[in-house]
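One-letter residues, chain by chain:
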Amino acid sequence: MTDLLYSEEEEALRSAVRDLLTDHCDAAGVIARTESDAPHDRALWKALADGMGLAGLLVPEAHGGHGATHREAAVVLEELGRAVAPVPYLTSAVVATEALLACEAGELLADLASGRRVGALAVALHLAPGAAHRTVRLEDGTLHGELTGIADAAVADVLLVPAEDGGLYAVEADAVTITPQVSLDLTRPLATVTLDGAAATRIGDAGPAVRRALRAGAGLLASEQFGLADWSLTETVRYLKERKQFNRPVGGFQALKHRLAQLWLEVVNLRAAARNAADALATGEDVDVAVAVAQAYAAPVAVHAAEEAVQLHGGIGMTWEHPAHLYLKRSKADSLAYGTAGAHREAVAELVGLQAP
Amino acid sequence: MFLTDVRIPDSRRLGEVGDGWRVAQTTLNNERVAIGGMRLPREGGMIGPAAATWRERPELRTHDLHQRLLKLWVEAEVARLTGERLRQQLVAGQPGPEGAGMKLAFARLNQEISGLEVELLGEEGLSYDDWTMRRPELVDFTGREAGYRYLRSKGNSIEGGTTEILLNIVAERVLGLPAEPRTDKDVAWKDLAR
Ligand SMILES: Cc1cc2nc3c(=O)[nH]c(=O)nc-3n(C[C@H](O)[C@H](O)[C@H](O)COP(=O)(O)OP(=O)(O)OC[C@H]3O[C@@H](n4cnc5c(N)ncnc54)[C@H](O)[C@@H]3O)c2cc1C
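Protein chains in written order, with the numbering used here: chain S, 389 to 745; chain V, 60 to 253.
Extracted from the complex, chain V is given alone in its bound form (with noise of 0.2 Å):
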């Protein structure tokens, strides 16, 4: 993104001068809890198509397959539960630390279950359902096939915040572990190493 001479009107101004990197955290944190607050019934995510498939194909099912989606179907509803507890923390107006985890759980389970999708479709997993190129839809996570839920939550842990960023965040301001060194502060920025 390129501005060059862009005037912005002080009415358009959000906070106070000098506090802009607060309110620009702000947004960021509220669309880490947007991404993973999202209010499901059980297996409301991408825990459902892989239960649903198991249901469905008997013929599919493996020991090794059983025990992991077992393990992925607790942590799922053990998330989903996490996320309810938020809302009412939230409700009753005693906001926690938790939104900052929920994104990094909810990205993690992503992967997990429609990767295991992938491997329980067996000769299907290999097929892809459409390669055509579009214009950016709405994210479909669920309307899709497997492959597809496989490769586009590969971007849950990048987008909105990387898991790696987020845990730095959850190290310092939730459990208060020393900051990070950094030799990029009271640098400008085309000094900095790019």
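Okay, chain S solo, but in the shape it has when bound (with noise of 0.2 Å):
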């Protein structure tokens, strides 16, 4: 049977991951960065990559990672949500890393894996897996096209791109345009790559790895989702304690009790799917369904949490000094990445066999 429970060892590098975070992603930094020309904080992801390899979790130790699973990258996951850290953990070390598992791309595998290097992969980000996705044209061994969407493509060194020959190659990011797109979510944003005549090198075939990528990165979506969750209950919970109207705390008010109990449940039920898809894309087993699952159920969670922490802290939930519009833009944009809830329920539709009329 899954286990959806932590290890002793799964605590403990979630305590060493928020640590990291507690000193170095306060909520303010995170903001003041949105406001700059370099969202990203590069500095963190050196921390998290370098400093306690983090990147290569997923990677056997035979090509310079530490041969750990989905279940202990969830639980980084799990914290950088709760932070809305805008570091390309999901993008570069879980989609594009699983990408170049699937291809057996050993060196890059072992760039990635250390963090020295940020991949991505140059699929839209709001595409379920085995979604159709775009290609650019191959003419005389180079590439020629423009993919917009692409998460994280600012700080990428590499991309792996999909061409019209079926094929997946990659393409060092110098050798394209990479231009930001106004996205909703600052924390982690998309572009537009343009390429004319990039010189490639193909890595495999792009079928079987965006699949396996944008399958993985469904699945793990889900843990960053239950940390977006849980911080917007935790810290709406803590608010409404304090703060008082009618000379009581405005957290006795029923309505409001109930309103938070019941979005008490939605994570509670949320962290369980996402455990279940962390553990099913570890062992293997069940992961269609699981990942499924855990998508139709965690996106309007996520939204549901970050909504009421707007709603529940007044006006100044509405303003640009709280974070909770971080939680808000990050959880409705990651309703759409990698499928919205709509599609993964049509995927479960298909795989139980509750056929459409």
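Mixed in with the good hints there might be a few duds.
Stated by the list, open to error - Computed from the model, here is a short list of chain V residues facing chain S with C-beta under 7 Å:
#, residue
1, 113
2, 120
3, 121
4, 122
5, 123
6, 140
7, 141
8, 144
9, 147
10, 149
11, 150
12, 229
13, 230
14, 234
None of these hints come from the bench; they were simulated from the model.
None of the values given here were measured: they were computed from a predicted structure.
Heads up, the beta-carbon is just placed ideally off N, CA and C, and yes, glycines get one too.
If you follow the hints, you should be able to join the two separate chains into one complex; please do so.
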């Protein structure tokens, strides 16, 4: 049976990541960064990837990684979600890494595992595993075309680009033009990648690699969404115990107590669904259903939690200075990332034989 | 229930004197965990018969029902996983507060799933299997038809503590929010508004 708990080692990993984020990723800093030209926190990424070795969790030791599993990566993502940390962990250490694992691209894997280089899969962020994605033209061994909606491309050193011949190509970032898009979620910004005769190395077949990468991305995104939702709930409960109106703590009004209790129930459910997806990815059993169920459930919960955080903070929750908007934007963007809840419900229908009319 | 001149020996006392409310709470809480925390295989609860009807009766399918069925199927599967996680915590000796929530989820899902099933059945949903009054049997959630399940599951959010009271309990005991304002403390029961 699936192990839905956290091991002692996983809890130790969580504390280490949380300590780092407490010291180096406060909300004011994240907000300030979103107002600059460099929304990503490269110093934090270096500390996580280089310092703690977390970029290599999914990579076997033979390729310079840690040979850990999706369970540990999920714990890291829970904490990164809780802090809406602007680092390319999900996109590089999970999604791009999974594509490279599928292609057995040893050298690049070692680069990404060390965290010294960042990779990005050049597939639009909103696409679900198995959805059709755009490709670029291959002419005389170079790539031509434009790909939009590529998350974290702005900090990528290498892009993994699907071409029309069905191949997945590794392209150095300095061989292409990367134009930031104005994104809903400034903590995981999108960019347009323009290839105009970019030199490229074929590393494998795009079909299975992209599918595997997006499936892992979707499954582990649920852990990030759990982290976001857990922050929203915890912070809102804390605030409502302190905030007083009508000579009472606002959190004592039953209308709000019931809403928060309902939200707690959703968050508790989300943790079980996210743990189940991470464990399934780690063991390889029942992966498709576990991932689709987790994504069908996670997105509405994370969005609901962030929306409640904004509403129940009242006016202060609408301000730029209060971090609630970071969680709202990330969770709303996450509700599209790697497929909407609706797309994953349709996947469930196929997988468990509940066919559409 | 009326108790008149009933003498109960001290050997039948549960817990310490003055600790009766905690004992009663423990029992009630165990009842809730028992109601909501049965170990089930996938599709083991009320979603099972609804999914079976969907698979066996393609002529009943509509797009609206499909969307709603899928949403409930996912929620039922997630509630099952939460129950499983709760059991794993108990086995590992780390009981969590999730038990209080299981019954809430169970009640709502049973009601929504059985309500959907009645609609799915179309013309048949307007029939009822049997109105013969009997002495209370064992509760049989899946042995009878959808109409029975729909009506019986209405009790799920009342029996064993109403959903409203359970939400208060979660808000206060789990989230630590302030208790409801009360005017009944330190007032003898005979003097309470009734
Ligand atoms: C099918 C079924 C089986 C049952 N089996 C048993 C059994 O085996 N043993 C047993 O002892 N009892 C049993 N009961 C009784 C059940 O426990 C009570 O009906 C239940 O606890 C609610 O109490 P009440 O009926 O007095 O409702 P009331 O307390 O009068 O509540 C009326 C309404 O007000 C709401 N309400 C009450 N107080 C608050 C508050 N503070 N804040 C917000 N809302 C509030 C309630 O949620 C409810 O909606 C059963 C009930 C049903 C329906």
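Inset, instruction - Identify whether the interface hint at residue 140(V) stands, where standing means a beta carbon of chain S within less than 7 Å of its own. - result: Holds - the Cβ of residue 140(V) comes within 7 Å of chain S, reaching about 4 Å at its closest.
Legend entry - residue 150(V) as an interface hint toward chain S, with CB separation required under 7 Å: violated, 9 Å
Inset, instruction - Double-check residue 141(V) for me: the hint is only fine if its C-beta lies closer than 7 Å to a C-beta in chain S. - result: This hint holds: residue 141(V) lies near chain S, its Cβ roughly 4 Å from the closest one there, short of 7 Å.
Legend entry - Interface hint status, residue 121(V) versus chain S (Cβ within 7 Å): Status holds, d = 6 Å.
Legend entry - Interface hint outcome for residue 144(V) [beta carbon to chain S under 7 Å]: Check passed: Cβ of residue 144(V) comes within 4 Å of chain S, closer than 7 Å.
Legend entry - residue 122(V) as chain S interface residue, shortest Cβ-Cβ below 7 Å: holds, 6 Å
Legend entry - Hint check: 7 Å Cβ-Cβ cutoff, residue 120(V) to chain S: Residue 120(V) check passes; min Cβ-Cβ to chain S is 4 Å, inside 7 Å.
Inset, instruction - Let me know if the C-beta of residue 229(V) comes in closer than 7 Å to any C-beta of chain S, holds or violated. - result: holds, 4 Å
Inset, instruction - Let me know if the C-beta of residue 113(V) comes in closer than 7 Å to any C-beta of chain S, holds or violated. - result: holds, 6 Å
Legend entry - Proposed interface contact between residue 149(V) and chain S, which counts if any beta carbon pair is under 7 Å: Result: violated, 11 Å to nearest chain S Cβ.
Legend entry - Interface hint for residue 234(V), Cβ within 7 Å of any Cβ on chain S: With a closest approach of 5 Å, the residue 234(V) hint holds.
Inset, instruction - With a cut-off of 7 Å on the beta carbons, see whether residue 123(V) makes it to chain S. - result: Where the cut-off is 7 Å and the nearest Cβ of chain S is about 10 Å from residue 123(V), the hint is violated.
Checked against the numbered hints given earlier, this structure breaks hints 5, 10 and 11; the rest are met.
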